[in-house]
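Undergrad: Given next are the chains, with one letter for each unit.
Protein chains: 2
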Amino acid sequence: MSARILDGRALADTVRAETEEKVSAFQAEWGIQPTLALVRVGDDPASVSYARMIQRTCEQRGLAFRAHTRPADASEDEVVELVRELSADDSIHGIIVQKPMPEGINDALIIEALDPAKDVDGAHPLNAGRLAQAAFVDRPQDVGPYFVPATPLGGLEMLKRYNIPIDGQRAVIVAASNLIGKPLTLLLTRHWATVTLCDLHTRPLAEITREGDIVCSATGVAHLITADMIKPGATVVDFGFARLEGKWVGDVDFEAVKEVAGAITPVPGGTGVMTNEMLMCNVLVAAQRQCRFGAKLASRVVPVQLRTSVAGRVLIGTHG
Amino acid sequence: MSARILDGRALADTVRAETEEKVSAFQAEWGIQPTLALVRVGDDPASVSYARMIQRTCEQRGLAFRAHTRPADASEDEVVELVRELSADDSIHGIIVQKPMPEGINDALIIEALDPAKDVDGAHPLNAGRLAQAAFVDRPQDVGPYFVPATPLGGLEMLKRYNIPIDGQRAVIVAASNLIGKPLTLLLTRHWATVTLCDLHTRPLAEITREGDIVCSATGVAHLITADMIKPGATVVDFGFARLEGKWVGDVDFEAVKEVAGAITPVPGGTGVMTNEMLMCNVLVAAQRQCRFGAKLASRVVPVQLRTSVAGRVLIGTHG
Numbered sequence: 001m002s003a004r005i006l007d008g009r010a011l012a013d014t015v016r017a018e019t020e021e022k023v024s025a026f027q028a029e030w031g032i033q034p035t036l037a038l039v040r041v042g043d044d045p046a047s048v049s050y051a052r053m054i055q056r057t058c059e060q061r062g063l064a065f066r067a068h069t070r071p072a073d074a075s076e077d078e079v080v081e082l083v084r085e086l087s088a089d090d091s092i093h094g095i096i097v098q099k100p101m102p103e104g105i106n107d108a109l110i111i112e113a114l115d116p117a118k119d120v121d122g123a124h125p126l127n128a129g130r131l132a133q134a135a136f137v138d139r140p141q142d143v144g145p146y147f148v149p150a151t152p153l154g155g156l157e158m159l160k161r162y163n164i165p166i167d168g169q170r171a172v173i174v175a176a177s178n179l180i181g182k183p184l185t186l187l188l189t190r191h192w193a194t195v196t197l198c199d200l201h202t203r204p205l206a207e208i209t210r211e212g213d214i215v216c217s218a219t220g221v222a223h224l225i226t227a228d229m230i231k232p233g234a235t236v237v238d239f240g241f242a243r244l245e246g247k248w249v250g251d252v253d254f255e256a257v258k259e260v261a262g263a264i265t266p267v268p269g270g271t272g273v274m275t276n277e278m279l280m281c282n283v284l285v286a287a288q289r290q291c292r293f294g295a296k297l298a299s300r301v302v303p304v305q306l307r308t309s310v311a312g313r314v315l316i317g318t319h320g
Numbered sequence: 001m002s003a004r005i006l007d008g009r010a011l012a013d014t015v016r017a018e019t020e021e022k023v024s025a026f027q028a029e030w031g032i033q034p035t036l037a038l039v040r041v042g043d044d045p046a047s048v049s050y051a052r053m054i055q056r057t058c059e060q061r062g063l064a065f066r067a068h069t070r071p072a073d074a075s076e077d078e079v080v081e082l083v084r085e086l087s088a089d090d091s092i093h094g095i096i097v098q099k100p101m102p103e104g105i106n107d108a109l110i111i112e113a114l115d116p117a118k119d120v121d122g123a124h125p126l127n128a129g130r131l132a133q134a135a136f137v138d139r140p141q142d143v144g145p146y147f148v149p150a151t152p153l154g155g156l157e158m159l160k161r162y163n164i165p166i167d168g169q170r171a172v173i174v175a176a177s178n179l180i181g182k183p184l185t186l187l188l189t190r191h192w193a194t195v196t197l198c199d200l201h202t203r204p205l206a207e208i209t210r211e212g213d214i215v216c217s218a219t220g221v222a223h224l225i226t227a228d229m230i231k232p233g234a235t236v237v238d239f240g241f242a243r244l245e246g247k248w249v250g251d252v253d254f255e256a257v258k259e260v261a262g263a264i265t266p267v268p269g270g271t272g273v274m275t276n277e278m279l280m281c282n283v284l285v286a287a288q289r290q291c292r293f294g295a296k297l298a299s300r301v302v303p304v305q306l307r308t309s310v311a312g313r314v315l316i317g318t319h320g
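Order-wise, the sequence lines are chains A and B. Mapping to the working numbering: the first sequence position 162 is 162, numbers consecutive. Mapping to the working numbering: the second sequence position 143 is 143, numbers consecutive.
Hints were generated in silico from the structure; no laboratory data involved. One should not assume that every hint holds.
[Said to hold, decoys possible] Listed below are the simulated DSS-like cross-link pairs for lysine-lysine, each with C-alpha atoms no more than 25 angstroms apart in a straight line:
| # | chain 1 | residue 1 | chain 2 | residue 2 |
| --- | --- | --- | --- | --- |
| 1 | A | LYS296 | A | LYS22 |
| 2 | B | LYS160 | B | LYS22 |
| 3 | B | LYS231 | B | LYS160 |
| 4 | A | LYS160 | A | LYS231 |
| 5 | B | LYS296 | A | LYS296 |
| 6 | A | LYS231 | B | LYS231 |
Using the sequences provided together with the hints, build the complete structure.
TA: Right under this line is the structure:
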């Protein structure tokens, strides 16, 4: 039996249409175009081409995009200053900083110069910490609003929209990165999955991935996940992207694994396209929070009085 | 065969002696007594008795202790103001806020009013986020200094000092709380364990705990963990504390499990006593960071120039 294909492109089209509609409604209400600023130091070709793709996506969704670049020999202070200026600029709602920075610049220092309310890539540790502390989805939330990195958020969205059960299921996540593995662990835990997080020292990996009702892989190692590593009927979510024999492939040996799995995301056309859409959603959410509550308040924990002042509605929500 | 008993009291005595020595050295160098402030709103008896115990421990270790209490009907603004004042007070190095706050006060709002550099209980989401983003222990660190809640930090310290292997081992953690389960997951992941985090929806729990080379339980449910749930030879770390038939017991059915496990922490006399010692360590570390780098800088990410200015030594370390 061949697995159900979790089509990222079809889902991204749906999300895209929703975002475009919400962006229009937002503009009609506020007369403001949600705006994403991108910060790049140096001109690494992959970063340049990624920025171009983000720009195109923004423009198609009705969002404004501004690139702020500095030469590779820019000083740490100069980049911190740029990020602070963008954070203080009320016409900018979201900021994404392309990493890694050139040698001599501390990535963490740059990221912490971001206003967490504009950190639409979920890179700031305050956002990571609020996600880590967020209550289970069906419990009252007692953390401030936060952003989750777009890639794990897109993976979660695929699982939800394709009605893959998460609650009470075992999820196995391969690779403990800050961009995918760790936030995804916290996200799926929050949705009541029992999550196992694997890293480079996990042995034997196959034994552990076979325990998963959901297996998520984000290593960038082509075809690391083979058919014998998957429990029959499991859902396989592939965040990998690598070149193999002249083709783009994922972490998962798709042709073989789809004969075992119950559902599977293809590469390309799976989680990758959803990542872009979720980034756009995050920019819109950032603009909404800032316009409704003021840029200064948008990432703050809301006082009890203010929170409950509009008929008990939580004013600044979280998502993810 | 009966398990090796991981004696928390003996280890706490060792840590205690080390702390006392370091506190003396610190006072000799700086002429300052590391000081812990405790904030309590209302007079819940358990909170009052906990505060008294912390005070006693501080005084025995040579640390100063100050309680700042407010009546149960204090306003949210008043408590925020108190926490801000203590955060700005250079004579206070560590602050612990007793939770939960009375109804009408948002815990998260109070916690985020803390200076993260003084958050010796690791409660602030900036500290949780830096722990979440911290690199594996043998890799260069690229996050700012942080604090880990004392209980999981004490559990890690027990594993390390009793030479229980962590790297490449499977750890199963029962209960996904912000105080223990989630930070412990991130700590053990950072030490290269493959961690499975269980919650109330995990079924069947026994099947999963039996996969663990290390099983940590922090539910507060007396004798939840029975002998059939443990793989022979595994290490069992009990963070529970509950009353059963007139006695204090842990999550683990100690008498039965110790016949199966390879190593086990008793209750009482296990992780509990280590918690207090680790809190004292955190207060000392907070004072060291603040005196060396100034209160304003102590929780900041250090710029590259400053970081490498003293013969490449990282100036503001993390621990945990």
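Undergrad: Please go over all the hints and tell whether each is borne out by the structure.
TA: Now the hints, each set against the structure:
no. : hint                  : in the structure
1   : A:LYS296 <-> A:LYS22  : holds (23 angstroms)
2   : B:LYS160 <-> B:LYS22  : holds (20 angstroms)
3   : B:LYS231 <-> B:LYS160 : holds (20 angstroms)
4   : A:LYS160 <-> A:LYS231 : holds (21 angstroms)
5   : B:LYS296 <-> A:LYS296 : holds (21 angstroms)
6   : A:LYS231 <-> B:LYS231 : holds (23 angstroms)
The structure meets every hint from the earlier list without exception.
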